[in-house]
Amino acid sequence: MSADQLALLGGVPVRTAPFPAWPPATDEAVQAVAEVAKAGVWSDAEGPVKTRFEQEFATYHGARHGLGVCNGTISLEIPLKALGIGSGDEVIVPGYTFLATATAVLGVDALPIFADVDPDYVCLDPDAVEAAITPRTRAIIPVHLAGHPADMDRLNDLAARHGLAVIEDAAHAHGASWRGQRVGSFGTFGSWSFQASKNMTSGEGGMLVTSDDALADLAWSFHHCGRSRDGQWYDHAILGGNYRLTEFQSAILLTQLATLDDDLVRRERGAAVLDAGLAPIEGLSPLARDPRCTMHGYHLYQFRYDPAGFGGLPRERFVAALRAEGVPVSVGYGLPLDRQGVFANRRFDLKATGFDPSYAATDYGSLDLPVTQRFCEELVWIPQQVLLGSRADLADIVAAAEKVSAAAHTLVEAT
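Residue numbering for the sequence shown follows our numbering, beginning at 33 and increasing consecutively.
Derived by calculation from the structure, the hints in this document are not laboratory data. Predicted model, so just to flag it, every value in this text is computed and none were measured. For every residue, glycine included, the Cβ atom is placed at its ideal position computed from N, Cα and C. Just to be clear, a hint being listed does not mean it is correct.
[As the list claims (entries may be wrong)] Just the calculated beta-carbon pair ranges, DEER-fashion:
| id | residue 1 | residue 2 | range |
| --- | --- | --- | --- |
| 1 | Ala69 | Glu314 | 53 to 59 Å |
| 2 | Glu88 | His441 | 52 to 58 Å |
| 3 | Thr48 | His194 | 31 to 37 Å |
| 4 | Gln63 | Ala163 | 51 to 57 Å |
Work out the full structure: start from the sequences and follow the hints.
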């Protein structure tokens, strides 16, 4: 076996050692969980650990109120409910995002309207958003994809001019900032996920923040079975559910919030190393960064792949070759949301009363989102924990990409 021969073809891989593990089972997290176990309060809408985490997370992100919930889908659904969005309403979401950004809208019986993303940062294109606004539009959900903030200047301006709410989907963007202000505090609500892959994680979980006192109280009721903060224990004022974050989850997340600033800096440094190493390789283009992005969340490190730089090698074979060399990469969201079966085949039902029948006849299959489609075909992802590795770890990624580049012709010939 030769070190120059691709591992996919039987050669020696660049790397066999694992990259940093995720989630991080730190001593601090283990101790925090043990303390909750001994305290005897494991879950409570106003549990002391949950309450502390909610307030510290909200304060960190520049909001007055935080609410810990069971997952990142619910942290989008509750704001929609609190804003009174439902049957007959439309909510604009990006075509390139995780499914939950759109299905949360369906969850309140409203209709997600897909808008294209910008060609540089993979976030909602304000021009596409403006073109998608109709008399039925009630809200915009910008996604800070991969940790890069959306253009909150223009999106908030659009929302203000058209009387729309803004719910920031910051599931990828814990601690990210736009012009020095942390994301999640620009809109009416901010929403985060603590699912296992996220930069802060408790296995599952979510958070929403707002600085509107009345909306915060309403959101609290939705997450606690419809009960009111100042009501009787078994008095259910509205239809809600049990969507509470537990004391165990909150304890783990408090330990991660304490290290978030350091982790953000480490990921920024790791991304800079990859930018410098991958950019010179023909066919690989690290994504640009808006100068107004003052802190990138880096849930993902993304770069474009052009087969022409690799002798016509398909992206899927390039990814397979890199993985064989020991680099954990993927193609990310390979299919735009509007082409997913649930939307393209309209595998959902909405109430059909009180609005124009054309609402129920929306044809997602006829949408044209060329930038979204291009990113689905070109992007390659590296997960966030890799950026926490050493300089030597990151050098292995560059070396693996260089190796695949040099020997791409052998894969093309073998295809």
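Query - Cβ distance range 51 to 57 Å for glutamine 63 and alanine 163, holds or violated - result: This hint holds: roughly 52 Å between Cβ atoms.
**Report entry** Range hint 52 to 58 Å (beta carbons of glutamate 88 and histidine 441) holds or violated
**Finding:** holds, 54 Å
Query raised in the report: So the hint says 53 to 59 Å: do the beta-carbon atoms of alanine 69 and glutamate 314 match that?
Result: This hint holds: roughly 55 Å between Cβ atoms.
Requested in this report: Starting from the range 31 to 37 Å, see whether the pair threonine 48 and histidine 194 falls in it by beta-carbon distance.
Outcome: Because 54 Å falls outside the window, the suggested range is violated.
Hint 3 alone, counting from the list given before, is not met by this structure.
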